[in-house]
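Colleague: For chain V, the structure is supplied; the task is to place chain C with the ligands on it using the hints.
2 protein chains.
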Amino acid sequence: MPKPVSSVLPVVLLGCGGVGRHLLHHIVSCRPLHAKQGVAIRVVGVGDSSSLLVADDVHSSGFDDALLTNICAAKSAGSPLSSLLGQGPCQLFKKPEANGKVIDTATVLGRSSGLVLVDCSATYDTVGLLKGAVDHGCCVVLANKKPLTGAYEDFEKLVSNFRRIRFESTVGAGLPVIASVTRIIASGDPISRIVGSLSGTLGYVMSELEDGKKISEIVKTAKSLGYTEPDPRDDLGGMDVARKGLILARLLGQRISMEDINVESLYPSELGPDAMSTNDFLESGVVQLDKSMEERVRAASLKGNVLRYVCEIGTAGCQVGLRELPKDSPLGRLRGSDNVVEVYSRCYESSPLVIQGAGAGNDTTAAGVLADILDLQDLFQKTA
Amino acid sequence: MPKPVSSVLPVVLLGCGGVGRHLLHHIVSCRPLHAKQGVAIRVVGVGDSSSLLVADDVHSSGFDDALLTNICAAKSAGSPLSSLLGQGPCQLFKKPEANGKVIDTATVLGRSSGLVLVDCSATYDTVGLLKGAVDHGCCVVLANKKPLTGAYEDFEKLVSNFRRIRFESTVGAGLPVIASVTRIIASGDPISRIVGSLSGTLGYVMSELEDGKKISEIVKTAKSLGYTEPDPRDDLGGMDVARKGLILARLLGQRISMEDINVESLYPSELGPDAMSTNDFLESGVVQLDKSMEERVRAASLKGNVLRYVCEIGTAGCQVGLRELPKDSPLGRLRGSDNVVEVYSRCYESSPLVIQGAGAGNDTTAAGVLADILDLQDLFQKTA
Ligand SMILES: NC(=O)c1ccc[n+]([C@@H]2O[C@H](COP(=O)([O-])OP(=O)(O)OC[C@H]3O[C@@H](n4cnc5c(N)ncnc54)[C@H](OP(=O)(O)O)[C@@H]3O)[C@@H](O)[C@H]2O)c1
Ligand SMILES: NC(=O)c1ccc[n+]([C@@H]2O[C@H](COP(=O)([O-])OP(=O)(O)OC[C@H]3O[C@@H](n4cnc5c(N)ncnc54)[C@H](OP(=O)(O)O)[C@@H]3O)[C@@H](O)[C@H]2O)c1
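Protein sequence lines correspond, in order, to chains V and C.
Residues 1 to 384, numbered by UniProt numbering, are exactly what the first sequence covers, in order.
Residues 1 to 384, numbered by UniProt numbering, are exactly what the second sequence covers, in order.
No lab work stands behind these hints: they were computed from the structure.
Wrong hints could be hidden among the right ones.
For identical chains, the list gives no copy identity; a pair is met inside one copy or between any two copies.
Unchecked claim - Within a straight-line C-alpha distance of at most 27 Å, the following computed DSS-like cross-link-like pairs (lysine-lysine) qualify:
| id | residue 1 | residue 2 |
| --- | --- | --- |
| 1 | Lys303 | Lys94 |
| 2 | Lys36 | Lys157 |
| 3 | Lys131 | Lys36 |
| 4 | Lys382 | Lys214 |
Next up, chain V with everything else stripped away, as it sits in the complex:
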């Protein structure tokens, strides 16, 4: 059998939190597997909120595995990237010089070996770097939703060469939602509707409500189990779900923005962050939601329905909020924190395409990012 030629993918990683560190770990542990598949990933830069560690020679084979492992250990212990200096042929750039160095690297590698700029940060601030990288012919992979959910022009720019961008983990973490929707679109099967439960936290809340618990108790338990954001209102407000909905809507070709999405928050503004602290919300605020939620759950149940917090993308744009759904639908059957997405199209008309599974977690999110990187391999130079 002929030895397969191998592709080499240089990577700069922005963001070295839970997801970024898992990605570096997966890259290291998959080396033998990827070698067998004829592909090699070389990490030539890693950035966080304050600085960028970059290989002295970005044309080199990149950081060695010991350095990558040490980056993970240091960042997870709360040490700065500067603590890694001297552990390999690399340099440190502080912000804002760090940003210039990312663009330099994109310029140097974009049109020669190619470069994948991977965004595992959680900020809008990377969008300029990502657009710059696209301008220089680089590829972009995102777990970070924010660059895709800002101005429409930014989205348009980032996807202008659609073969060079991947963003699977922005919706449903590693679940193959974006890849599947992209396949359906490419095959000319027009998607008429996508409905999904895209928040593990809200999925958990809804299924506990169905079991008769009070929302105040559910939220407090979820917070203590680490299922929620530090301020649970970041989940209950629905903005994170709306961002995922916007990405799907834009993928379907809708020229809309966050302000066009109708988002139903599970708490009123009187209980919002401007009105009270997280602690006050947990101690005296959330309990004020118990009665009305109980009534909505009961009203739904009287009709044989259940209440779900869903994101719905149709021809009329994107809506996010509570819906009464038949107990016996894929969304109605959902229990616990799994995500589920139903896609309706000509081929999936009466019975939708359903994709379901864990839609959060550093491991699966990073696995999705890694699969995205590898999916770009045909664009990279092959060596015999």
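Modeller: Positioned in the frame of chain V, the structure of chain C with the ligands alone reads:
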């Protein structure tokens, strides 16, 4: 915005039945969409069981859309490919010369513009052509399971350059099963188990049995509705499911063959094709299965379970047959003819990744083939 460069994909299609014709139809109707995406498919040859119609100049822009439409119309009316001669600059080759012409085309185009050899036939006979195409650096896309389920060496040869082959529609038609499993494997997330209901016909049979109907009545109704193969025993025997299981098992790296798969047939050999005709089976054979099936359904139901015909791939190989499953599992909840696949891995450990939807039909199968062809586009020459 920079105009995206475009990829041109020359295609030779083997098999012009229900799926092949739908594929040609989709290719024609998607031209504007694909042009926007910067990709163009040019069909330079179409073959059936007796001959091959091929463009005079395979470097040309291929058959025009009028000819492609006429090919579909002629084949669907039962006319031979020879009836198309004179409708464009093309030639006809009869078998066995037709096979030589396929290889010639693969030789000429494989190392220049590239070629995608698409197999929408239903025979083992194409395997030699497919292997030849691989040898010449061509890409291969299959809806036909047979070339992947013969000798292990054939499979190994066909997937030897894994980036150049796609076979989504061999399992679950257009459902993104193979693509999703491939992503999970590439990300280093080891798959421990796949369980699926991979036959729409048997899914229908099982859900009707659950509703208390007799298997003899169900099979006769299904046959009259066109849900089964001409001889329903081709569905009831489980071999088609076993072929899908074998493809999944081989994808997971198992070096196994059909004879290693434990397949439970729903009818005993006394009721098989060697013992009686299709008509006799329908009139006096299948009724002999009523009592034992009724008992199995009842036994399952007493334990709160339902009976499903499943394919299970684990570390111990592949098993195909009836299983009692909790009513409340993704497989147990399945109704009607949808396929469903559960994938268990490190990331999907307690709760599997579930993919569900229509797993048969010419439209969705052809859409899956088309998505596969487009997924190869980065391997093809770009024109500015
Ligand atoms: N975890 C999940 O289940 C999941 C699922 C789907 C999607 N995602 C998305 O994945 C992304 C990463 O999530 P996470 O849980 O890993 O977040 P995280 O733990 O908060 O990590 C964020 C990282 O980004 C860095 N960062 C902040 N600003 C930056 C900048 N301007 N340039 C470069 N890096 C910057 C942070 O730097 P410091 O280390 O200096 O703070 C930190 O390393 C988020 O966008 C999240 O929404 C996560
Ligand atoms: N339909 C579905 O729902 C579905 C779903 C998943 C997968 N598939 C697979 O897709 C494939 C096509 O299905 P189909 O329903 O379109 O089958 P079909 O209607 O029976 O068509 C088969 C086609 O293959 C041609 N053929 C036979 N031997 C050939 C050979 N040696 N070389 C080239 N062509 C040859 C036949 O030629 P003639 O026209 O001369 O007879 C016919 O055009 C099958 O392998 C099937 O298992 C189908």
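Colleague: Are the CA atoms of Lys382 and Lys214 at most 27 Å apart within a copy, between copies, both, or neither?
Modeller: neither (58 Å within a copy, 59 Å between copies)
Colleague: Treating 27 Å as the Cα threshold, decide for Lys131 and Lys36: within, between, both or neither.
Modeller: between (33 Å within a copy, 21 Å between copies)
Colleague: My question is about Lys36 and Lys157: at a cut-off of 27 Å on alpha-carbon distance, are they close within one copy, between copies, both, or neither?
Modeller: Result: close only across copies, 15 Å inter versus 35 Å intra.
Colleague: Are the CA atoms of Lys303 and Lys94 at most 27 Å apart within a copy, between copies, both, or neither?
Modeller: neither (59 Å within a copy, 64 Å between copies)
The structure fails hints 1 and 4 (numbered hints given earlier, in ascending order).
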